[in-house]
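Engineer: Chains as they are written, first to last, in the working numbering: chain A, 1 to 237; chain B, 1 to 305.
Each hint should be verified, as a subset may be incorrect.
[Unchecked claim] Which stretches of chain B does chain A cover? Using the computed rule of at least three CB atoms under 8 Å from a CB of chain A, they are:
hint : stretch
1    : 47–53
2    : 83–94
3    : 255–268
Quick caveat, the hints were computed from the structure, so don't treat them as lab data.
Built from N, CA and C at the ideal position, the CB exists for glycine as well.
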Amino acid sequence: MTKIVEVGPAGYMPTSAPAMGVELAPEGSALLYGNTVTPEEAMRDAAIALLTRKNPTIFPGPQVLWDWKEDVAEKSAAILDLASEIPNCKIIPMPDYRPKYPKIDVKAEINPNHPNLTILDNRIEACIFVGVHCHYANLTLRMIRAGTNCYTVALCAYMGHEEAMASIRDLHASDIAKFKEIVIEERNKLGIKWETTLPPENPSLPKEDNSTLSPADYGEYRSLIMTKKGEHITDAE
Amino acid sequence: MSLAYITPSERFKKYLPKDYVELIDFGPFGKTQEEAGPGNMGQFKELMEEHPMCSGCWMAYYIRLIFAALPCPEETVTIGTAGCGRLAISQAAVPFIYGNYGDQNAMASGLTRAFRLRFPDKTKDVLTIAGDGGTMDIGFSMTMHSWIRGERFTTIMLDNEVYGNTGGQSSGMSPKGAVLKMAPMGKDFEKMPATDLAKAAGCVYIVRMSPTNIKQAAKVIRRAIFVAREVGPTFIHAYTSCNIEYSIPTEDVFADAIELGKGRFKFDEYMTDEAKIVIERVEGEEKVARKARKAAKVAAAEAVN
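Start from the sequences and build out the full structure, keeping to the hints where you can.
Structural biologist: Structure (structure tokens):
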């Protein structure tokens with residue numbers, strides 16, 4: 001198989017996959033390095049990458065993070081089941097697409113506008129994008145191919161993505177479960193010992209009780225908060 | 001675009017970043033203004049917190065206030081355009097659409113119409129929030145035509161009287177004689193009569209103000225949104241100084257806003273009879289609901305005792 005879409009870094013502004021002649025896979029098929037293959041073939045290659053490359057990570061997007069549709073619960077459960085079968089897999093979410101200033105917390109989240117920051121900081125060499133809206137997934141996948149050596153897998157509920165190394169289309173929870181079985185099979189073939197373990201929780205999660213938050217908790221930034229009636233802040237900047 | 005969009009799927013909540021968990025637990029979504037509104041800013045997780053604006057930026061404060069005053073943030077979409085404001089608006093936890101070079105009101109026209117077709121049983125609020133350049137200069141034709149067509153959404157003009165984002169060119173809204181970095185001889189022409197233009201174009205609720213009074217500013221924002229839902233286009237012309245281009249020391253920004261509030265930004269509220277009926281009805285309903293909540297709270301406290 002000729003690899004048309006390869007693991008990067010392809011360099012700044014790489015030729016897009018469609019410009020290299022890659023077309024979306026027809027229904028019932030998948031894409032692997034830009035070639036149309038069977039979904040199982042693509043899943044098997046993706047599974048090997050996730051099992052053998054460093055710091056495998058799943059990036060769930062808004063479509064599976066938020067409970068906006070009936071099938072979300074089933075899909076998110078399947079994703080967590082899959083994650084628990086990949087040794088040392090992490091979950092770094094992409095909860096929405098707004099830009100983050102002054103800077104993104106790369107350990108806690110990934111943003112489609114600068115995905116390289118999260119991938120390079122965490123030294124991620126294999127990742128899965130699932131539940132990211134297609135227009136942002138396309139943007140992100142191309143940026144990752146341009147600037148990192150990360151193997152990308154796109155699990156898409158619609159037509160798939162040319163920019164990913166492996167792209168599965170028309171994804172349902174049952175397909176994720178099938179992917180999980182393939183991961184287990186390949187893991188056993190490679191002789192990797194692993195007990196089913198859920199990924200660690202988000203590192204940014206709060207330890208303190210915010211229900212008692214008051215302006216005093218803002219420290220030096222307190223002056224930026226509006227004063228209450230009758231309150232007079234003397235030490236404003 | 002609905003409460004479902006900020007409800008995490010059961011098993012993923014512990015994988016969400018802190019910011020989002022706080023927004024879910026302590027944010028204003030689905031809450032009343034007493035629980036999470038301008039009156040208690042700083043005590044709940046706000047929709048816009050960090051921003052890249054200059055120190056002392058009055059616009060950043062006003063944008064923060066706009067988001068705190070939204071009657072239904074989970075059903076709101078904001079549209080902005082090039083300028084300082086969109087830097088802050090775009091990172092609020094409310095869907096934001098970036099309009100190219102002043103076409104925000106044209107986009108909002110299409111969006112509000114589409115919402116009414118797609119969600120006939122829901123109330124979706126659309127706000128365009130843009131600077132004086134985006135609203136009255138570059139986007140002038142699209143702003144005027146949206147008003148003339150009677151499009152039902154709210155236009156908020158953040159008037160800092162200068163192109164602050166591009167180095168200090170004079171805008172149509174700069175006052176006559178204003179000396180700016182890129183207008184060193186002083187501006188030759190009068191400031192555009194934005195509220196008069198809005199009135200002539202058919203806006204049904206128009207306010208010009210310097211938003212120094214939080215309660216009043218929030219009330220105006222809410223009124224404009226309520227009227228836009230039912231009657232027609234609404235317009236808020238707010239003074240949001242550029243302390244960099246007008247060389248206002250940070251500590252004097254508030255005093256400057258107070259001063260202009262007495263001058264060319266003196267509070268002026270215009271509403272049509274139809275708009276007045278809506279405002280009186282909605283505010284009456286809110287008052288009744290507030291009283292009922294208070295009574296329920298007292299009853300609950302008494303029951304505990």
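Engineer: How does the coverage statement for the stretch 83–94 of chain B fare against chain A, requiring three or more residues with Cβ below 8 Å from a Cβ of that chain?
Structural biologist: holds (count 5)
Engineer: Checking C-beta pairs, does the stretch 255–268 of chain B have three or more residues closer than 8 Å to chain A?
Structural biologist: violated (count 0)
Engineer: Using a Cβ cutoff of 8 Å, are there at least 3 residues of the stretch 47–53 of chain B near chain A, or does the coverage claim fail?
Structural biologist: That given contact holds, which follows from 3 residues of the stretch 47–53 of chain B lying within Cβ reach (below 8 Å) of chain A.
Checked against the numbered hints above, the structure violates only hint 3.
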